[in-house]
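Protein chains in written order, with this note's numbering: chain A, 1 to 603; chain B, 1001 to 1301; chain C, 2001 to 2332.
Hints were generated in silico from the structure; no laboratory data involved.
All values derive from a computational prediction rather than experimental measurement.
Honestly, I wouldn't trust all of these hints.
[Stated by the list, open to error] DSS-like mimics (lysine-lysine), calculated; alpha carbons at most 27 Å apart, straight line:
no., chain 1, residue 1, chain 2, residue 2
1, B, Lys1143, C, Lys2176
2, A, Lys228, A, Lys560
3, B, Lys1301, B, Lys1136
4, B, Lys1087, C, Lys2167
5, C, Lys2173, C, Lys2200
6, C, Lys2173, C, Lys2188
7, A, Lys84, C, Lys2289
8, B, Lys1301, C, Lys2114
9, A, Lys84, A, Lys192
10, C, Lys2173, B, Lys1143
11, C, Lys2205, C, Lys2296
12, B, Lys1143, C, Lys2167
13, C, Lys2200, B, Lys1143
14, C, Lys2205, C, Lys2167
15, B, Lys1301, C, Lys2200
16, B, Lys1136, C, Lys2173
17, A, Lys31, A, Lys456
18, A, Lys192, C, Lys2289
19, A, Lys192, C, Lys2296
20, C, Lys2296, A, Lys84
21, C, Lys2167, C, Lys2188
22, A, Lys534, A, Lys31
23, C, Lys2188, C, Lys2176
24, A, Lys530, A, Lys456
[Claimed, not checked] According to the in silico footprint, chain B covers these stretches of chain A (three or more CB under 8 Å from chain B):
no., stretch
25, 130 to 136
26, 259 to 271
[Unchecked claim] Some, not all, of what chain A presents toward chain B, calculated at C-beta under 8 Å:
no., residue
27, Lys127
28, Ile250
29, Pro254
30, Leu284
For each residue, glycine too, the CB sits at the ideal point set by N, CA and C.
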Amino acid sequence: MSSTAELEHASPPAAAIYLTPPEDNYLTHDKGVMSWIFTLDHKRIGILYMGTVLSFFLVGGIFALSLRTELLWYNTPDKFHLDKELTLNLYNNMFTLHGAIMVFLFIIPAIPAIMGNLILPIMLGAKDVAFPRLNLMSLWIYWIGGTFFLYVLLGGVLHYGFAMFGHPNVNLPGGMGLDTGWTFYAPYSTTKSLAGVVPATLGAFVVGFSSILTGVNFITTLHILRPKGMTWFRMPLFLWGLYATSIIQILATPVLAITLLLVVAERTMHVGIFDPAIGGDPVLFQHFFWFYSHPAVYIMILPAMGVISELITVFSRKHIFGYNFIAFSSIAIALLGFLVWGHHMFVSGQSPMTDSIFSFITFSVAIPSAVKVFNWTATLYRGSIRFKTPMLYALGFILLFTVGGLTGLFLGALSTDVPLHDTYFVVAHFHYVMMGSMLFAFLGGMYYWFPKIFGKMYHEQTGQVAALVVFLGFNLAFFPQFIAGTQGMPRRWATYPEQYQIYHRFSTAGAYLMGLGLFIVAGNWIHALKRGNKAPPNPWGGNTLEWHCTSPPPYYNFKKTPAVDDPYALGAWEYVSEEQGWVPRHSEPPPLAPPGQNVAITH
Amino acid sequence: MSTASDTHGAAAVAEHGDGHGHVHHSPHLAHHFDSPEQQFMSAKLGMWVFLGTEVLMFGGLFCAYSVYRRAHPQVFEFAAHDYLSTKLGALNTIILITSSLTMAWGVRCAQLTQLKGLKICLVLTLMGAAGFLVVKTIEYTNKWHEHVWVGPSNRYYVARPPITYASLPPRTILPDNSADANAGTADAAQIRPVASGAGGLNSNYANPPETVFKEKDLTYDQLAPADQKNVATFFSIYFLMTGLHGIHVVVGMGLITWILIRANKGEFSSEFFTPVDLVGLYWHLVDLIWIFLFPLLYLIK
Amino acid sequence: MSSLAQSNEIPAPVADDVGGDGHHPKGAHAVPRRILIGVYLLLCFFTVITVAVAQIDLGPANIWVALFVAVIKSSLVVLFFMHIWWDSPFNGFVLIAAMFFVALFIGISMLDTKEYGPNFQAPELFQELSGNTPPVPTAGGSLPAMEIPGALAQAQVDDLWNHDPSKGQPTIKTMKYDDVVAAALADKGDRHLGMALFQKQGCIKCHTVDEKDLPRAPYLGNVTLRHPDDPIYIFQSVLQPSAVIAPGYTTNVFKLSTQQDPIEGFLVSETADTFTVRDVNGQVTTFPKSFVTLHKTRPTSLMTEGLANDLTVHDLASIYAFLNSLSHPSEE
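One chain only, chain A, in its complex shape (with noise of 0.2 Å):
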């Protein structure tokens, strides 16, 4: 340990630390696969939950594509002189195991799971979360959940392939495949569909499990685990928004397992709350449904609104703009979210006054995000803009974002919504927010954390010619679907009248392309990770507290919990060199506490 005599030398003289390799870190710190599944560290945590759910995103990719080569054509079992019952049961099972797996499997777990257990306790300067090994349970239960989506995967996989060759009758027990669609209407899901219902609701119960116990751990975290100095109005936003979002995965995900578990009463035991038939009501499954699935979408969307914050500001070096209104707009989007679920209902025989406050306060909703746009742009403006690869998706959000919402609100206007409902329209809009903003938050995210998470940087070059890759086959492919919807184009559809031929054949095209994208970003990765070159602990010169520890972090974080900072000061960084990143700046009064020990900044 020389960094005493370092110390004492002339500038840089913080410099010659970064360069001292971490000699443990938390990915060498215990050796064997038993401590990684028995692992009680967030950071480990973190990483097997990346590695599942980016491969349940390959998985839901590989239906993407499915479904759409097949839309190609507007006519394909009869051009091809396929079975046409088996096709078209074949193409519901496509889109709906697409939905169920991206939803449940990919987007709702992947920030919070992912970065939130990755980066939050770092940024708080604390040696773990509040409750490690609830969290490691939040793990296996996540896993548990996904083998009943495998297995429903299989059934369908064992019948339609059987079936193709002309053996029909081979089903696994509980049923083959998905086909009601990832929103599983009643009474379809609870009466006459013979797929894999059952087994796929368990598993979406399970996993909601998941979810809630990982929001149980951030909110007592970001309550009680916060470093002296920092308040709540000095946290990064980031924070903000996994708060935010943890509230709604508290409130809502218990709906959503009361209904799932009402699915399956239903199924097995024909209760008959759902089915008109025997007296029951399929709105008020609607009613039970959306009350969780609207605020979901908002699950998905204010971590990676989070992470946008902390990109632009870093790489803008400017202190983020209405820190105070982009702070108190994710709680507004948090609990408006749960009052306006009605407005997926518009069409489905809900009555027209309730109709109406939905379409009402949903236009109220548009109003906090519109206020984060604002303030990332008043951000940007005479900003010191760099155009790293993070950036790139930032900016990508940004303007995908907007499209996204302000589409939203031709769906939200209740007159308008009668038309556009379950047209391509909806595709289209729902794919820009989810896709187009969150998938690209994440892909920033990622590509931002990497090197601290990793320790290595990626080749900078190829991570921004596939963020244009991406961003070009995202528009190729979501774009035409706007038209198409106004049109009058039906989604869930397999054959389709011949004049929207063309804008399906873009579709697909852009689907393709950004396909390639994203494996030009899978490779990006794991070659930084074979060969990429060792990372600084601050590549980007931020100041939230995860850059004042080594690249990857040590197995405890700190040793010390660090004083805080305004976690927008990014001027008490200076940049040196592409391998030391940037450094503390000295020439200012000097920081809270000197470098300390084991490479760490520690105070």
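Since chain A is already given, all that's left is putting chains B and C on it; use the hints.
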């Protein structure tokens, strides 16, 4: 949600016990917490947040109950009066309140390091829980014998054809109505209120029952035909609500047993009683839910 | 290393709910015994109150009173058993927030279901509006009232049932089929009781006994003339309805492309391109054969099993006596 020391914490203590100069701290203090007070507050907050989620989960069932009862009040009067025993329900309420008392007393004992008192209270709570389940079993057995079980076993159940692969009809294409130029358009004048209801949860609004039920004891025959189809659903709601609550009671018993075992090993004292406190909170929530279930299901007149 | 080997300076936690007396965290105060007992007695008291109030008919106020008492009880549990009185108020706020959202959910769902209730339309109307010509009901409709010569009023039915001399004897579901038949043969039965049972058990809903009525299930006005001296046939029809199905009463099931639910009933007639079916409610429907996507018959009767399970042998014999009296009205 116990916060006893774990390998992560213990290893960390061992790792830098040398340069750390720790003041002695309780073996129960997890290493990522700064003080036992902080750890205790965390555990409490976390538990309350979790209880909030349980409230919301049951809230969904209360919603189904409310919607359904408002639409078919006579069904509820008839079925609850004929098949639910107010006495047994009240007995269960008293049992559960008593077990809540013994549980709260047990937490108090743990806080005051009265270990014998703690064990006695936990055993009494377990007995209360077991008593609750015994009464519940009696009630459920009665339902079984009276053929008012959940689903198709219910004597009031209106059957649907079972779902089998063979019973699926071949896919059909709708008949071509191109000859009818007005197919698909609806004249507003054609929308008229329905004279005879087709059933459904809200059919009471389309066709209110012809007779006004003032008598105390409703019989099945006095229900409107649309209502008669819905009697089985009342039982479904009853079984779902009490069943889910019963599952929570069983889980509670498991938790209390676990705490009892740990109490026997002498793990609790005024220094550390968090698990007892948290299990107590869970048990009180189970009681809370029953406090609402009882009048809503058993006291319908 | 001077600055490094310092003792662990643990900064005090900044969380909002720090409090207490410095020795114990907030919320670790032990509840006094008298409060525990007092709250317990209050809870028991309120339980008694709520049960008592439920016996009084207050109309719609009953449920609000019950809920009000439940809120009081639960407040006592939350404040004292669950410690919120001494604990950080934020914890209680968490619970209140959860209940608020439950109330929001229930409130809006109830508002909506109440509002769209009147919009529930009969299936036939939907089909008219969507342009698919529905099967045309040619006769029947909703259940018309049936007149039995000398039908009993509800009070009389109840009276006869309450004075049933065979109450307390074993019910049919506890006996073997052969024993029931043998015992019923030996019992003369009481035709008045039989008439009451015919109404009470619901037989009257499906089986017509007056020739003027539109038929639904087999007409029973002359059944003992058609099966003279064969009470066993009648017993079997009640106890094992699917054993022998009367000609013309095979249950046919038709699935149509124009509606969700199948049409199930008796095939009344058939032409070159239509079927006419009468269902168990008496509704007669004629529809084109081209609408049929699936047609099958059920081996079981539309009459359900076990309708006599809760009756005694004497009751069954009485029903037979009643049916007999329809064919031979002068007999005692």
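Taking 27 Å as the top limit, are the C-alpha atoms of Lys1087(B) and Lys2167(C) close enough?
holds (26 Å)
Straight-line alpha-carbon gap Lys2167(C) to Lys2188(C), limit 27 Å:
holds (16 Å)
Please work out if Lys1143(B) and Lys2167(C) have their alpha carbons no farther apart than 27 Å.
holds (21 Å)
Can the restraint linking Lys1143(B) and Lys2176(C) be considered satisfied, given a maximum Cα separation of 27 Å?
holds (23 Å)
Lys228(A) and Lys560(A) were given as a pair; does the straight-line alpha-carbon distance stay at or below 27 Å?
Between Lys228(A) and Lys560(A) the Cα gap is close to 12 Å, so the pair holds against 27 Å.
27 Å Cα cutoff - pair Lys192(A), Lys2289(C)
Measuring from Cα to Cα gives roughly 24 Å; hence the hint holds.
Lys2173(C) and Lys1143(B) were given as a pair; does the straight-line alpha-carbon distance stay at or below 27 Å?
Distance of about 16 Å is within 27 Å: holds.
Are Lys2173(C) and Lys2188(C) close enough, with their CA atoms no more than 27 Å apart?
holds (21 Å)
Is Lys1301(B) within 27 Å of Lys1136(B), Cα to Cα?
holds (21 Å)
Does Lys2296(C) pair with Lys84(A) here, judged by a C-alpha cut-off of 27 Å?
Measuring from Cα to Cα gives roughly 25 Å; hence the hint holds.
For a C-alpha distance cap of 27 Å, please report whether Lys530(A) and Lys456(A) respect it.
holds (9 Å)
Agreement of Lys2173(C) and Lys2200(C) with the hint, judged by alpha carbon distance not exceeding 27 Å
holds (18 Å)
When each numbered hint is compared with the structure, no violation occurs for any of them.
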